[in-house]
Amino acid sequence: MGRYVLRRLLQLIPVFLGTTFLIYALVWAIPQDPFAGKCGQRPCDPAYVAEMSDKLNLNDPLLIQYFKYLGNLVTGDFGTTFNGVSVGEQIATSWPITLKMGIIALIIEAVIGIIAGVLTGLRKSGFLDNLVLVSTLFLISLPVFVTGFVLRLYLGPQGFDLMDTSVSSDPTFGELILPGFVLGSLSMAYVARLTRSSIVENRRADYVRTANAKGQPQSRVVGVHLLRNSLIPVITFLGTDLGSLLGGAIVTEGVFNINGIGGLIFRGIQEKEGVMVTGIVTLLVLVYLLMSLLVDLLYAVLDPRIRYE
Amino acid sequence: MEFRTRDGVAKVLNGVSYHVSAGETLAVLGESGSGKSVTAQTIMGILDMPPAFITKGTIKFRGEDLLTKSADERREVRGAGIAMIFQDALSALNPVFTVGFQIEEQLRVRRGMSKADARKRAIELLDQVKIPNAKGRVSDYPHQFSGGMRQRAMIAMSLALDPELLIADEPTTALDVTVQAQIMDLLAEIQKERDMGMILITHDLGVVADVADRISVMYAGRIVEHADVYELFRAPGHPYTESLLESLPRLDLKGQELKTIKGLPPSLTNIPSGCPFHPRCPRAFDRCPTEVPAVHDLGMGRTSRCHIAEEVVARG
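Line by line, the protein sequences are chains A and B. Numbering of the first sequence is given in full-length UniProt numbering, commencing with residue 1 and proceeding in unit increments. Numbering of the second sequence is given in full-length UniProt numbering, commencing with residue 1 and proceeding in unit increments.
Possibly wrong hints are sitting among the right ones.
[To be verified] One side of the interface only, derived from the structure: several residues of chain B facing chain A at Cβ under 8 Å:
1) ILE46
2) ALA80
3) ASP88
4) SER91
5) ASN94
6) PRO95
7) GLU105
8) VAL109
9) TYR141
[Unchecked claim] Away from chain A, derived, C-beta distances all over 12 Å, residues of chain B:
10) ASN14
11) ALA116
12) ARG119
13) LYS120
14) PRO132
15) ASN133
16) GLY136
17) SER158
18) THR178
19) GLN182
20) ASP210
21) VAL292
22) GLY299
23) GLU310
Read the hints as simulated data drawn from the structure, not as lab findings. The C-beta atom is built at its ideal place from N, Cα and C for all residues, glycine as well.
Build out the structure end to end from the sequences listed, making use of the hints.
Now the structure itself:
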C-alpha cells in the first residue's frame with residue numbers, strides 16, 4: 001500500500017506539469033498582445049509594457065517563462081494582476097467560500113442522493129421510484145442557473161418568503177446551504193440514479209440471500225451487506241465530483257452573488273488577467289488530482305478484492 | 001407454491017412433502033429447475049414475495065407451522081433453528097467483509113456476544129471445519145480462500161448458532177471432485193457430532209449414495225419418488241428415477257454409449273398434463289397424458305407417483 005501511494009504521488013508530478021503547462025501556454029502564448037486594451041483606448045506606455053513584460057518574464061521563451069512561474073508558485077507567490085493586486089490574496093479570500101459551498105453541495109448530494117437511490121432501488125417501480133425518476137430527470141435537464149434563479153426567487157422574500165436567500169461577502173454555512181443545494185443538484189440526481197441502479201443490481205446477489213438466510217435483521221442486510229457493495233461506484237463518483245463542483249461553481253456564484261473562485265476566474269478571463277486564470281486553474285487541477293488519488297485509495301478500502309502492488 | 005411472473009403463473013411446487021429427523025440426512029434429488037432449491041428457500045422463508053406466493057401448505061419445524069409465524073419469528077428460526085449453505089461460496093459470501101466478520105456477525109447480532117468472544121468462537125468454528133491456521137485466516141477475505149476452504153468457511157458460518165437442521169443446497173457442485181469428497185465427509189462428520197438433521201439438495205447421485213439415509217426425487221416441482229437410499233438404488237419405483245440411474249456412467253458397461261433422458265425438463269409455466277414426466281417417459285401409456293398419478297404406497301415408507309409404480313419396482 002505504501003509503495004502504491006508513493007508511486008501514485010510520483011505519477012501526479014508529470015500530470016500536474018502537463019496540465020499546468022497547457023494552461024499556461026493557452027493563456028500566455030496564444031493571445032498576440034497581452035497588453036491590448038489594458039490601457040483604455042490608447043496603446044500602453046512603453047515604459048509600463050517593458051516593466052510588466054519584465055515582471056511576467058514575457059521576453060523569455062515560453063518554457064522558461066513557465067518554469068519561472070512555477071518556481072514562484074512553489075514559494076507561494078501567485079503573482080499580481082496588471083493593476084498590481086496580489087492574486088494570492090484574492091484567492092485566499094475567495095477560496096474558502098467556494099470550498100465551503102462545494103463541501104456543502106457534496107454533503108447534500110451524497111446524503112439526499114444516496115437515501116433516494118436506496119429507497120427507490122429497494123422498491124422498484126412504486127410511487128416513490130417514479131417520483132424520484134421524474135424529479136431527477138427534471139434536475140438533469142434544467143440548466144443550473146434556472147434551478148438557481150427559480151429557487152432563489154420562490155424561496156426568498158419576493159416569493160414565499162421562506163428564507164433569506166441573500167449571501168453576505170463573508171458567508172456563514174447557513175447562508176451557503178441554498179447555493180450549495182443548487183450547485184449539487186445536478187450531481188445529486190446522478191448520485192440518486194447511480195445508487196438506485198447499483199442497489200437494484202446487487203439486491204438479488206447471492207451474498208444478500210446468504211445474509212437473509214443467516215436471519216440477519218433486514219436493516220443489517222440492507223444497511224451493511226447490500227449498501228457496502230452498492231456504494232463502491234457511488235463513492236468513486238462523489239470523490240471526483242468535488243473537483244467539478246469547485247470548477248463549476250461559476251454559475252451558482254453568479255446567481256447568488258457570491259464572491260468565490262468562480263467569479264474570480266470569470267473576471268480573470270473577461271479582463272484577460274492571465275496571472276489570475278493560471279493561478280486558479282492550477283489550484284483546481286491540484287484539487288482534481290488529489291481527489292482522484294483519494295478515490296483510488298478509498299477504492300481499495302471499500303473493495304478488498306482490489307489490491308495495489 | 002407459485003411464482004407469478006409476466007409469462008404467467010409458474011406452479012413451482014406442487015404436492016411436495018418430506019420430513020427430516022435429528023441426525024438424519026434426506027437427499028433431494030432432481031434436475032435443474034425441478035424445484036429443489038425453491039423448496040429449500042421456501043422452508044427458509046427467503047424467497048421474495050411477490051413474485052413468490054405460497055397458495056397453501058405447511059412447513060413444520062419442531063411441530064410448529066412456520067407459515068403461521070410472524071416475519072420476525074421466522075427470522076429468529078433462520079440461522080439458529082434451520083441454517084443453509086449454498087452452492088457457490090464465492091458469491092454467497094460477501095466479498096467486502098472478512099470471513100471472520102461474517103461468522104462473528106451471527107454471534108454478535110443474534111447472540112449479543114462481545115467482539116472478542118465472537119472472534120474466539122469464530123476461530124473455534126473455523127478450526128472445527130478443519131481450516132488450517134484458523135487463527136491466521138479468520139481475518140482473510142473470501143477471495144483469499146480456495147474454493148474448498150470457502151465452502152468450509154460457509155459451513156462454519158452456518159454452524160455458528162448451532163442449528164438443528166442444515167439445508168445444504170448443492171454444496172459441492174462448484175468444487176473439484178477431490179474437494180467434493182472432503183466437503184461431503186466434513187458435512188457427514190459434523191452432522192454426526194451434532195446429531196443435526198440435514199437436507200442435502202443435489203443432482204449428483206454419487207453424492208447421494210454415500211451420505212443420504214432417504215431420498216426424495218423431484219421432477220417438475222413434485223416429489224415423484226421417495227425411498228430409503230438402498231431401496232432406491234436396488235429397485236427404483238418411478239421411471240424417472242430409473243432413467244436417472246441408467247444415465248450414470250458405470251464401470252461394467254465401459255465402452256457402451258451412455259444412456260440419457262430424452263428431451264428437456266418442462267417449463268414450470270407450462271407443465272404437461274397428467275403425469276408431467278410422460279413426454280420423456282419410456283414406459284408412458286394412454287393413461288399418462290390424461291390422469292395425474294396418485295401417490296402409490298410401496299411399503300416401508302416408499303412412495304411413487306406413477307400409475308404403474310408396483311410394476312416398475314418389481315422389475316428392478
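Comparing the hints with the structure gives:
1. ILE46: Check passed: Cβ of ILE46/B comes within 4 Å of chain A, closer than 8 Å.
2. ALA80: Since chain A brings a Cβ to about 7 Å from ALA80/B, closer than 8 Å, the hint holds.
3. ASP88: OK, holds: ASP88/B within 8 Å of chain A, min 7 Å.
4. SER91: holds (4 Å)
5. ASN94: holds (4 Å)
6. PRO95: For PRO95/B, the interface hint holds, since the closest Cβ of chain A sits about 6 Å away, which is under 8 Å.
7. GLU105: holds (7 Å)
8. VAL109: This interface hint holds because 6 Å falls under the 8 Å limit.
9. TYR141: holds (5 Å)
10. ASN14: Non-interface label stands for ASN14/B: nearest chain A Cβ at 24 Å, farther than 12 Å.
11. ALA116: holds (20 Å)
12. ARG119: holds (17 Å)
13. LYS120: Holds, because the least Cβ-Cβ distance between LYS120/B and chain A comes to about 19 Å, which exceeds 12 Å.
14. PRO132: With a cut-off of 12 Å, PRO132/B remains clear of chain A, as the shortest Cβ separation is near 21 Å.
15. ASN133: holds (19 Å)
16. GLY136: holds (16 Å)
17. SER158: violated (8 Å)
18. THR178: Consistent with the label, THR178/B stays out of reach of chain A, its closest Cβ about 24 Å off (over 12 Å).
19. GLN182: Nearest chain A Cβ is 22 Å from GLN182/B, so the label holds.
20. ASP210: holds (25 Å)
21. VAL292: Given that every Cβ of chain A is farther than 12 Å from that of VAL292/B, nearest at about 33 Å, it holds.
22. GLY299: Answer for GLY299/B: holds, closest chain A Cβ roughly 37 Å.
23. GLU310: Given a closest Cβ separation of 40 Å, the condition holds.
Checked against the numbered hints above, the structure violates only hint 17.
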